[in-house]
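Residue 429 in UniProt numbering sits at position 429 of the sequence shown, with consecutive numbering throughout.
Calculated directly from the structure, the hints in this document are not laboratory data. Remember, it's a predicted structure, so these values are computed and weren't measured experimentally. In this text, a Cβ means the ideal position worked out from N, Cα and C, and glycines have one as well. You may find that some hints are simply not true.
[As the list claims (entries may be wrong)] Simulated restraints on C-beta separations:
| # | residue 1 | residue 2 | range |
| --- | --- | --- | --- |
| 1 | P124 | D185 | 25 to 33 Å |
| 2 | T208 | A284 | 49 to 57 Å |
| 3 | H340 | L294 | 39 to 47 Å |
| 4 | H122 | S6 | 23 to 31 Å |
| 5 | R3 | R283 | 57 to 65 Å |
| 6 | I144 | D325 | 42 to 50 Å |
| 7 | D401 | D219 | 25 to 33 Å |
| 8 | H340 | T259 | 20 to 28 Å |
| 9 | I144 | T359 | 54 to 62 Å |
| 10 | S6 | Q396 | 33 to 41 Å |
| 11 | L298 | L324 | 38 to 46 Å |
| 12 | S6 | P124 | 48 to 56 Å |
| 13 | S254 | K397 | 30 to 38 Å |
[To be verified] Mimicking PhoX-like on lysine-lysine, the simulated pairs with C-alpha atoms at most 25 Å apart in a straight line are:
| # | residue 1 | residue 2 |
| --- | --- | --- |
| 14 | K339 | K291 |
| 15 | K240 | K291 |
| 16 | K175 | K234 |
| 17 | K45 | K28 |
| 18 | K240 | K45 |
| 19 | K397 | K339 |
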Amino acid sequence: MNRVSSSAFHNSADRYDPPRCHENTRVKILGMIRDWTLQLACDRKTWILWLNGAAGAGKSAIMQSILELLLLRYTFVAVASFFFSRGDSTRNTIAPLVSTLAYQLIQQIPATSDIILSTIDHNPLIFAQSLEFQLQQLIIQPLISLPSSSARQFVVVIDGLDECLNRNQQANLIKVVGNICNGMDIPIIFAIASRREPQIHFEFDQETVSHMLETIPLDDSEASDDIRHYLNEKFTDIKKTHPFRHLLTPDWPSVSTVTELVEKASNQFIYASTVINYISSPRANPAQQLKTILDLRLLNPLSEHPFAYLDSLYQHIFSQIENLDQVLDILAFIIISNKHSRVFNVNQIEQIFSMNLDTLQILFLDLTAVVQVRFNRISFLHASLPDFLQDPIRSQKYFLDLDKYCTKLLCMFLGHSFSEMLSSYNMVEIAEREKCRLLSFGTLLMASPIPSDQLQQAFMNFDSIFLRHKIDIHYVWEIFMILDLLQKLVCYMWLLSTF
Numbered sequence: 001m002n003r004v005s006s007s008a009f010h011n012s013a014d015r016y017d018p019p020r021c022h023e024n025t026r027v028k029i030l031g032m033i034r035d036w037t038l039q040l041a042c043d044r045k046t047w048i049l050w051l052n053g054a055a056g057a058g059k060s061a062i063m064q065s066i067l068e069l070l071l072l073r074y075t076f077v078a079v080a081s082f083f084f085s086r087g088d089s090t091r092n093t094i095a096p097l098v099s100t101l102a103y104q105l106i107q108q109i110p111a112t113s114d115i116i117l118s119t120i121d122h123n124p125l126i127f128a129q130s131l132e133f134q135l136q137q138l139i140i141q142p143l144i145s146l147p148s149s150s151a152r153q154f155v156v157v158i159d160g161l162d163e164c165l166n167r168n169q170q171a172n173l174i175k176v177v178g179n180i181c182n183g184m185d186i187p188i189i190f191a192i193a194s195r196r197e198p199q200i201h202f203e204f205d206q207e208t209v210s211h212m213l214e215t216i217p218l219d220d221s222e223a224s225d226d227i228r229h230y231l232n233e234k235f236t237d238i239k240k241t242h243p244f245r246h247l248l249t250p251d252w253p254s255v256s257t258v259t260e261l262v263e264k265a266s267n268q269f270i271y272a273s274t275v276i277n278y279i280s281s282p283r284a285n286p287a288q289q290l291k292t293i294l295d296l297r298l299l300n301p302l303s304e305h306p307f308a309y310l311d312s313l314y315q316h317i318f319s320q321i322e323n324l325d326q327v328l329d330i331l332a333f334i335i336i337s338n339k340h341s342r343v344f345n346v347n348q349i350e351q352i353f354s355m356n357l358d359t360l361q362i363l364f365l366d367l368t369a370v371v372q373v374r375f376n377r378i379s380f381l382h383a384s385l386p387d388f389l390q391d392p393i394r395s396q397k398y399f400l401d402l403d404k405y406c407t408k409l410l411c412m413f414l415g416h417s418f419s420e421m422l423s424s425y426n427m428v429e430i431a432e433r434e435k436c437r438l439l440s441f442g443t444l445l446m447a448s449p450i451p452s453d454q455l456q457q458a459f460m461n462f463d464s465i466f467l468r469h470k471i472d473i474h475y476v477w478e479i480f481m482i483l484d485l486l487q488k489l490v491c492y493m494w495l496l497s498t499f
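Generate coordinates for the entire structure from the input sequences, incorporating the hints supplied.
Written as C-alpha cells, this is what we have:
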C-alpha cells in the first residue's frame, strides 16, 4: 500500500474538483475515445490510443470525463488510471505506476487479488525491477490467468505523461506498452494523453508502436464551438450567482464579445477557463473585469504564438499583485521544490519564509484565477503558468530565473532565517522546530548552480553566526546528517573553497 500513489487516482482527494469536460462539449472526441474503448476484441486493430495537444487544450478534462463515463455506464470494462503531475512528488515519476494500477485492478476485478498479492509476497523487491517485468507480473499475468467467467477488458488511462519529470522514463513507458501489446492476445488497452513533446512523439512514431496506435490530436475546429458553449454557460452562471449580478445587463456579454474571446483562445481551453476565473472574482464587477480583459493588448502585436493572449492575461494578473517580490519568491521556491520532488504545504512555507500564520492565503488573493490555496496546499491551476513564468520571452519582467532565485533564497535563509534559528542553544529543539527550513535549505542546495560571489559571501557571514553564538558546529553536522543533507553540503562547501 505504501507504494501506491493514491493522488494519481481519478477521484483522489488531492485532485479535488479535477478538470472535466463541460456539459455538451468535446462530444465528438469523447465519442471517439468511448467507441475505441468499447470495440470488440475481434474488431480491434489498435491497442494504444494517444490523445495529444498543446498545454491548455483540455487533455486532462477529456481523460477525467472518459474515466467517469466508463465507470458509470460501462461497468463490463475495468478501468484504472494514473494522472501524472510534475508538482506532486508522489506522481511525477514512473516508480509508483504499476503498484497504483495493480491496486486498482484488484478493486475492479477482485479475482486478480490472490495472484497479485502472492507475486509480491514471493518477490518483495519486484518494485525495484524493470517496468516491463512489473507490468508482466502484476498486470498481464493476473489478467490472462482469470477464468473466462471473470474476464473483463482492462482499460489503463494515463494522463499527463509529459509531466513525468524524467524524459527517459517517458520514452521507456511507451516502449514497454508497445512491447506488451505487440502480438499478444491480452484483454488490455492503454489510453495515454500528453503534450506533443519531441521525445514522446518520436517513441509513438516508432514502427513497433505506430502500427497499433490510434492518434487523436486536439487541434480540431470543434474546440472553438466547445469553448463558445463553455463561455456562454459560464456567463449565464455569473449572471445568476455573482454578488454584483445586479450591475449586469440582460444582454451581457454581447455575441461579438464572446466571439472575440473564442478567437483569442486559439483552441486552448485554459485561456477560456482563466478568463472565467478572473471575471468570476467576487471582489469585482464582472463587467469591468471582462472589459479589462478585452482591453488587453498583445505584448508583441505581430506574435503568432498560440498563447499570445493567454500571456497577456497572465501579465495583467501579475501586474495587479501588491507584494509582487514576495509572491515571486514563493512561486520560484515552489517550482524549484517541485522539480526536486519536494512538496511543502502552506503552513511549512509560511514558516520557511518567516510569515505569520494565514498570511500566505491573503498574499495570494490576487492570484485566485491561476493559483489555488486549498487544503493546506498551494497548486497551479494549470501547468501553463509555471511554463509561462520560466520563459523570459513570454513572461518578461515576471520571468523566474530559477538559478538566480535559488541563490537569492539561499542567501536569504543564510542571512536571516538561520541566524534567527540558531539563536537557540538546544540543537534537538532546533532540529525539530526548524526541520522545514533545513529541508528547504537542502532542497535549494540540490538545485543550486555553481556558487556566485553573493552566495560565497553569505556562507562567510554564516560562519560568523556560529562564532557569535558559540555553537559547536559538530551538532549542526548531526542535524544535516539526520536530514540526509551532509553529503551535498560538504561537496558544496568544498566547491566554495576552490574559488
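We went through each hint and held it up to the structure:
1. P124 to D185: 25 to 33 Å: This hint holds: roughly 31 Å between Cβ atoms.
2. T208 to A284: 49 to 57 Å: Check passed, 55 Å falls within 49 to 57 Å.
3. H340 to L294: 39 to 47 Å: holds, 40 Å
4. H122 to S6: 23 to 31 Å: Since the Cβ atoms of H122 and S6 sit about 25 Å apart, the hinted range of 23 to 31 Å holds.
5. R3 to R283: 57 to 65 Å: violated, 44 Å
6. I144 to D325: 42 to 50 Å: violated, 59 Å
7. D401 to D219: 25 to 33 Å: Cβ of D401 to Cβ of D219: about 32 Å, so the range 25 to 33 Å holds.
8. H340 to T259: 20 to 28 Å: violated, 44 Å
9. I144 to T359: 54 to 62 Å: holds, 56 Å
10. S6 to Q396: 33 to 41 Å: At roughly 39 Å between Cβ atoms, Q396 and S6 fall inside 33 to 41 Å, so the hint holds.
11. L298 to L324: 38 to 46 Å: Once the Cβ atoms are compared, 22 Å apart, the range 38 to 46 Å for L324 and L298 is violated.
12. S6 to P124: 48 to 56 Å: violated, 21 Å
13. S254 to K397: 30 to 38 Å: 33 Å Cβ-Cβ, so the 30 to 38 Å window holds.
14. K339 to K291: Roughly 37 Å between the alpha carbons, so the hint for K339 and K291 is violated.
15. K240 to K291: Holds, at about 19 Å.
16. K175 to K234: Given that 25 Å is the threshold and the Cα spacing comes to 42 Å, the pair is violated.
17. K45 to K28: Within the cut-off at roughly 20 Å; holds.
18. K240 to K45: Distance ~48 Å between K240 and K45 Cα, so the pair is violated.
19. K397 to K339: holds, 22 Å
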